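Q: Sequence:
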Amino acid sequence: MTNPRSKRITLAVTGSISAYKAADLTSALGKLGYEVHVLMTEAATAFITPLTLQVLSKNPVHLDVMEEKIAEQINHIELAKQTDLFLVLPASANTIAKLAHGMADNMVTSLALALPEEAIKVVAPAMNTKMYDNPLTQRNLATLKELGYREIEPKSALLACGDIGRGALADIPHVIEIIEEIFHAP
58 MTNPRSKRIT LAVTGSISAY KAADLTSALG KLGYEVHVLM TEAATAFITP LTLQVLSKNP
118 VHLDVMEEKI AEQINHIELA KQTDLFLVLP ASANTIAKLA HGMADNMVTS LALALPEEAI
178 KVVAPAMNTK MYDNPLTQRN LATLKELGYR EIEPKSALLA CGDIGRGALA DIPHVIEIIE
238 EIFHAP
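With the working numbering, the residue at position 30 of the sequence shown is 87, and numbering never jumps.
Hints were generated in silico from the structure; no laboratory data involved.
Treat the hints loosely; a few may be bogus.
To be verified - Here are the simulated SDA-like pairs of lysine to any residue, each with C-alpha atoms no more than 25 Å apart in a straight line:
| hint | residue 1 | residue 2 |
| --- | --- | --- |
| 1 | Lys-88 | Glu-238 |
| 2 | Lys-64 | His-158 |
| 3 | Lys-178 | Ser-213 |
| 4 | Lys-178 | His-158 |
| 5 | Lys-178 | Thr-109 |
| 6 | Lys-202 | Gly-159 |
| 7 | Lys-88 | Gly-159 |
| 8 | Lys-115 | Lys-178 |
| 9 | Lys-212 | Pro-230 |
| 10 | Lys-64 | Ala-103 |
| 11 | Lys-115 | Arg-65 |
| 12 | Lys-64 | Ser-213 |
| 13 | Lys-115 | Asp-228 |
Said to hold, decoys possible - Label pairs and their calculated CB-CB ranges:
| hint | residue 1 | residue 2 | range |
| --- | --- | --- | --- |
| 14 | Lys-88 | Asp-190 | 16 to 24 Å |
| 15 | Pro-117 | His-241 | 22 to 30 Å |
| 16 | Asp-162 | Ala-199 | 20 to 28 Å |
Nothing here was measured: the structure is a model prediction, and the numbers come from that model.
C-beta: ideal position from N, C-alpha, C; glycine also.
Make the full structure from the sequences, and use the hints.
A: Structure representation (structure tokens):
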């Protein structure tokens, strides 16, 4: 086990069948000593419950950009200020497009726009092969890279829809390895 860290990871879970893997990631990151705060899109809640991620992260899960529990602060702005690494996992084609075009219509996209310049931004796409390879999705990913996002590329596998190809969420141990490399890079 690695020594505890003081790094804060904001995990944004979006609408993909791979959303259930966010539970394993949240648990593993917590065991490594990272502080994990979870945001979810409405579509993500159809695949995994906020309560699961709240229990594993030991922090409230944020769903609604308009919900302000502390009157003197704006929730998504405060959360963004405290973020060391912003990870969208799984990153749906819809959320990737919204991030690439600066939309701010939910908790995930609003916080993304409020991130400080020094915050590390990472997307881990998960979708059907045709959606991932679509020129629009590839253009949106290229735009995100130009804006400083890193991509944890999906793997080729048998997908939930029955197709075989690139689009499956990267394995969670691989994602953790990349996070560790990011935080320990010279």
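Q: So, for every hint listed, does it hold in this structure?
A: Right, here's what the structure says about each hint:
1. Restraint check for Lys-88 and Glu-238: satisfied, since their Cα atoms lie roughly 17 Å apart, inside the 25 Å limit.
2. Between the alpha carbons of Lys-64 and His-158 the distance comes to roughly 28 Å, so the proposed pair goes past 25 Å and is violated.
3. Straight-line distance between C-alpha atoms of Lys-178 and Ser-213 comes to about 23 Å, which keeps the hinted pair within the 25 Å bound.
4. With a C-alpha separation of about 15 Å, the suggested pairing of Lys-178 with His-158 holds against the 25 Å cut-off.
5. Taking the CA atoms of Lys-178 and Thr-109, the gap is about 24 Å. The hint holds against a cut of 25 Å.
6. This hinted pair checks out: Lys-202 and Gly-159 have alpha carbons roughly 14 Å apart, not beyond 25 Å.
7. Our distance criterion of 25 Å between C-alpha atoms is broken by Lys-88 and Gly-159, whose separation comes to about 33 Å.
8. Straight-line distance between C-alpha atoms of Lys-115 and Lys-178 comes to about 22 Å, which keeps the hinted pair within the 25 Å bound.
9. At roughly 13 Å between alpha-carbon atoms, Lys-212 and Pro-230 fall within 25 Å of each other, so this suggested pair holds.
10. A hinted pair counts as satisfied when its Cα atoms are at most 25 Å apart, and Lys-64 with Ala-103 does not qualify at roughly 29 Å.
11. For the given pair, Lys-115 sits about 13 Å from Arg-65 by alpha-carbon distance, which is consistent with the 25 Å threshold.
12. Simply put, Lys-64 and Ser-213 have alpha-carbon atoms about 31 Å apart, too far for the 25 Å limit, and the pair is violated.
13. Our distance criterion of 25 Å between C-alpha atoms is met by Lys-115 and Asp-228, whose separation comes to about 23 Å.
14. Between Lys-88 and Asp-190 the beta carbon distance is about 35 Å. The supplied range of 16 to 24 Å is therefore violated.
15. Restraint check, Pro-117 to His-241: a C-beta distance of roughly 29 Å satisfies the suggested window 22 to 30 Å.
16. Separated by about 22 Å at the C-beta atoms, Asp-162 and Ala-199 satisfy the suggested range of 20 to 28 Å.
When the structure is compared with the earlier hints, violations turn up for hints 2, 7, 10, 12 and 14 and for no others.
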